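**Student:** Sequence:
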Amino acid sequence: MTAPAVDPITAEVVSRHLLSIAEEMGATLIRTSFSPNIKERADCSTALFDSRGRVIAQAQRVPVHLGSMIGAVDAIRSRFPLEDIQPGDMFVANDPYSGGGSHLPDINVIAPVFRNGEIVAYVANIAHHADVGGMVAGSEAAVCRSIFQEGLRIPPVRIMRGNKVLKDVLDIILLNSRTPDERVGDLNAQFASNHTGIRGVEALFARYGDTTDAAIDAYLEFTRRRFETAIRGVAPGTYHAEDFLDGEAEGERARIALKVTIGDGRMILDFEGSAPQLTWARNIPNQALIATVYTVAKSLLDPDVPANAGYFDAIEILAPKGSVVQPQAPAPVGCRSISCGVLGDAIAAALSQAMPEKAIAGSGPHHLAVFAGPDPRSGEYFVNYETIAGGMGARAYRDGMDAVRVHASGAANLPIEALEHAYPLRLERYALRDGSGGYGQFRGGTGVVRDYRALADGITVSLSSERQHVPALGLAGGGDGERGRFVLDPGTDEERVLKSAEADIALARNHVLSIRTPGSGAYGTLQKRDPDLLERDVREGRIPESLARPRAASAAE
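Residue numbering for the sequence shown follows the UniProt record's numbering, beginning at 1 and increasing consecutively.
Heads up, a few of these hints could be off.
[Unchecked claim] No more than 16 Å apart at the CA atoms, straight line, and that leaves these computed lysine to aspartate or glutamate pairs for EDC-like: (1) 499 / 252; (2) 259 / 248; (3) 298 / 316; (4) 39 / 24; (5) 39 / 417; (6) 499 / 250; (7) 298 / 228; (8) 259 / 270; (9) 358 / 304; (10) 39 / 23; (11) 321 / 272; (12) 321 / 270.
[To be verified] Simulated restraints, written as ranges between beta carbons of each label pair: (13) 84 / 146: 29 to 35 Å; (14) 168 / 313: 39 to 45 Å; (15) 221 / 169: 34 to 40 Å; (16) 181 / 508: 25 to 31 Å; (17) 221 / 79: 28 to 34 Å; (18) 429 / 78: 47 to 53 Å; (19) 158 / 207: 25 to 31 Å; (20) 316 / 493: 55 to 61 Å; (21) 316 / 158: 31 to 37 Å; (22) 148 / 169: 19 to 25 Å.
Treat the hints as calculated values from the structure; they're not laboratory data. Only a predicted model underlies this, so the values are computations on that prediction, with no experimental measurement involved. Glycine included, every Cβ here is placed at the ideal spot set by N, Cα and C.
With the hints as constraints, model all of the structure from the sequences given.
**Tutor:** Written as structure tokens, this is what we have:
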């Protein structure tokens with residue numbers, strides 16, 4: 001049968017309707033969730049897929065989640081025969097090696113949408129659960145040496161049948177979490193999000209009928225052509241870049257090598273030469289790799305291209321198995337999001353050579369802290385999972401952004417009021433980390449200082465990071481960003497600098513942990529900076545006056 005012709009206006013209307021459904025799903029998930037990590041930090045994402053499993057709309061939240069949802073939908077479609085899937089079914093998965101996930105705390109919940117007895121779409125959401133078991137509270141720590149230490153692994157399994165939750169599956173998930181009340185509340189929010197999506201997609205198909213599928217195909221084709229045009233606007237050639245994760249021991253490095261070949265409307269990213277997979281949980285599984293590549297390429301080549309599968313086929317990714325960017329089971333992968341900040345810098349560095357007018361310096365990825373212990377106010381055990389933003393690299397035409405999650409990362413810093421209401425912690429200081437951005441014609445974005453005081457006995461904290469040994473590099477003569485740091489009891493006789501990754505550190509009552517996230521690299525030399533901007537930098541404490549004075553004297557001459 002010939003597909004019905006679709007005019008551009010209808011295709012645009014349908015695509016915007018799909019995006020609004022994804023956004024409504026996200027709003028439902030956040031507003032009905034239970035844990036601060038989702039309801040306050042919005043560490044979650046939502047998306048729609050067509051009947052073939054292609055992404056057709058993704059809400060603008062956490063880009064790295066895209067890979068997980070793609071993988072989970074593909075895993076479900078390959079594992080379950082279509083005739084075995086019924087209206088009212090929902091599926092759950094999180095495992096990077098069998099369920100399409102990218103790390104275990106991110107639980108995917110996927111549901112089919114039916115029309116006339118056939119699947120016409122899938123709705124999916126992903127939520128970062130603050131604890132899914134494992135050796136460390138929070139289920140994410142760079143010190144884990146195997147995925148079996150990271151928490152409960154869930155292959156694609158049915159968790160709802162005929163709109164009824166399968167209690168035995170739910171009970172397995174809850175039993176493996178240190179905070180089961182939060183888990184059941186957040187899972188119910190995920191179910192509600194998918195119900196919202198199902199209703200929206202059903203209404204869309206009821207309105208446009210068979211034209212809906214044709215409109216989706218037309219919009220994906222439009223996206224493909226637009227992105228291929230963007231690639232053709234880049235100088236063809238081969239571009240090389242590298243960056244480094246922390247390695248097997250404190251101070252060691254693990255190389256991410258990249259060769260990008262551009263030509264004829266296509267990009268090939270080859271990671272041959274990257275370090276072997278690590279025994280630490282800094283590895284980047286396949287779904288996180290593809291999500292980061294898609295996100296950074298889109299951001300630099302055409303930020304306004306629709307976030308759907310239409311542009312994926314223009315990008316080919318080659319990654320050697322058993323490397324840090326394609327680990328094999330049972331390699332741990334919990335801290336893949338922090339590592340993806342460094343991966344994003346490598347991709348951006350290669351593309352910056354091809355597009356110097358859009359160049360971006362190295363960035364400072366977030367740091368992770370997981371506080372856990374008994375809360376004397378409630379008598380319950382708590383787990384506070386937090387990621388604290390770093391700084392975005394300077395561009396060839398503007399300063400870097402302060403206190404943001406970089407590249408494919410996302411989610412907000414937890415507001416002070418929400419933190420202190422939910423947990424026995426007090427935030428003593430929350431500020432930009434002055435001077436952490438590199439100095440240059442366009443300065444690097446600064447990181448954050450966030451100091452926590454423990455208000456109860458028995459609290460522990462686990463820490464993970466990147467950019468504590470390898471700084472974010474400047475470009476075109478710009479200065480490097482300041483490296484990150486964890487400091488226990490700063491400014492006291494007991495002050496101690498901690499390692500870049502540690503687990504279950506005792507944080508005694510009234511002791512303070514200071515988290516200082518890395519700044520980003522600058523672009524261009526400081527001598528080229530606008531004098532008015534330099535004066536403002538000094539006034540705002542972003543640069544020492546001793547550095548600005550020689551620059552001002554040189555300008556006067």
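**Student:** Which hint numbers does the structure go against, in order from smallest to largest?
**Tutor:** 2
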